[in-house]
Amino acid sequence: MPDVTVLGGGIFGLSVAWACLLGGASVRVLERRSIGAGASGGIVGALAPHTPENWNDKKQFQFESLIAAERWWAEIDAASGRSSGYARTGRLQPVLDERGLALAQDRAHQAKTLWQGSAHWTIREARGDWCPVSPTGWVVEDTLSARIHPRKAVQSLAQAIRNRGGEILEGSDAYETEGVVVEATGYEGLLAMSDRLTQPVGNGVKGQAILVKYDAVDRSQLFADALHIVPHADGTVAIGSTSERDWEHSDQTDTQLDDVFERALAAFPVLQDAPVLARWAGVRPRAKSRAPMLGSDPHRDGVFIANGGFKIGFGMAPKAGQVMADLILNGVDRIPESFRVEASLR
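Take 1373 as the starting number for the sequence shown in my numbering and just add one per residue.
By construction, these hints were calculated from the structure, which means they are not laboratory data.
Heads up, some of the hints might be wrong.
[To be verified] Calculated lysine to aspartate or glutamate pairs in the EDC-like style (CA-CA distance at most 20 Å, straight line):
| id | residue 1 | residue 2 |
| --- | --- | --- |
| 1 | Lys1660 | Glu1616 |
| 2 | Lys1660 | Glu1714 |
| 3 | Lys1660 | Glu1513 |
| 4 | Lys1660 | Glu1560 |
| 5 | Lys1683 | Asp1587 |
| 6 | Lys1484 | Glu1513 |
[What the hints assert, rightly or not] Label pairs and their calculated CB-CB ranges:
| id | residue 1 | residue 2 | range |
| --- | --- | --- | --- |
| 7 | Gly1509 | Leu1717 | 44 to 54 Å |
| 8 | Asn1702 | Tyr1547 | 25 to 35 Å |
| 9 | Leu1541 | Asn1575 | 21 to 31 Å |
| 10 | Leu1569 | Asn1702 | 25 to 35 Å |
Backbone N, C-alpha and C define an ideal beta-carbon position, used for all residues, glycine too.
Go ahead and model the full structure; you've got the sequences and the hints to work with.
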């Protein structure tokens, strides 16, 4: 009988399971499809920070998680013998006009304090082929952004859990839960919770992305026109993504992805001749509060929630897993007020 049963084999469920294992608990992960079957099995993997301004608990939490990520993923990859594709390569984004330049300069000043010298936000000239088109000739460069390969990362984390003695069962709805239960069931879990409480607590936002063959292994991420361009360690580059509130097929791509690709080629001409390798679609869980939903379920004893990672789930995972394990195993509550389950019930 496990101490902790985690429902869901996405990044939040696996990060909680890993932290609980490290905390000395026995853990079982139940995934009704397969590891990373939902949004966590995507291809983009942009671990990008919030801007260094208007600081709050959410931004501080994400900052601490991004700083911890390099060591966290290195330990997981060492435990699994597999690669997550993590690298802290930074990011470039264009400065569009004089107002944007003044704002970027102010953010650079604030980053010196808020990022505590652990990362930098600077302005430099746009130069070289691997650089977004910039109408002002300037780009913002930050050294906090990192990349990860989501599909490979969840497989590395799952294997690390198995190697550590955790149990992972895939492919059935018929499993019985034992011990403390953690629901990390993605957007479908948010919809089910909304139905159970007869009030909206969250939903799903579909995203579509594309993968091309282009070797930019050690290059920075690029960001322009609301698009993330992420070079992976296997000689591919991911381009994403859409944000769709309404859709007909959750896992199918369509003409909206064609538009994303055209915009990417306009903003990043270096990719003009890159052959397309894959197209991906999935639905990301978005809590009503717009922040991750972490903590105990106020309506069910012995049940905890880890959901709502939306676009920042992988970046939040190292710290989210730890604060959940602290709460579950030791009763220590370090979850920000805006992350609590109750924040999406108001």
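Of the hints stated earlier, which fail here? 3 and 5
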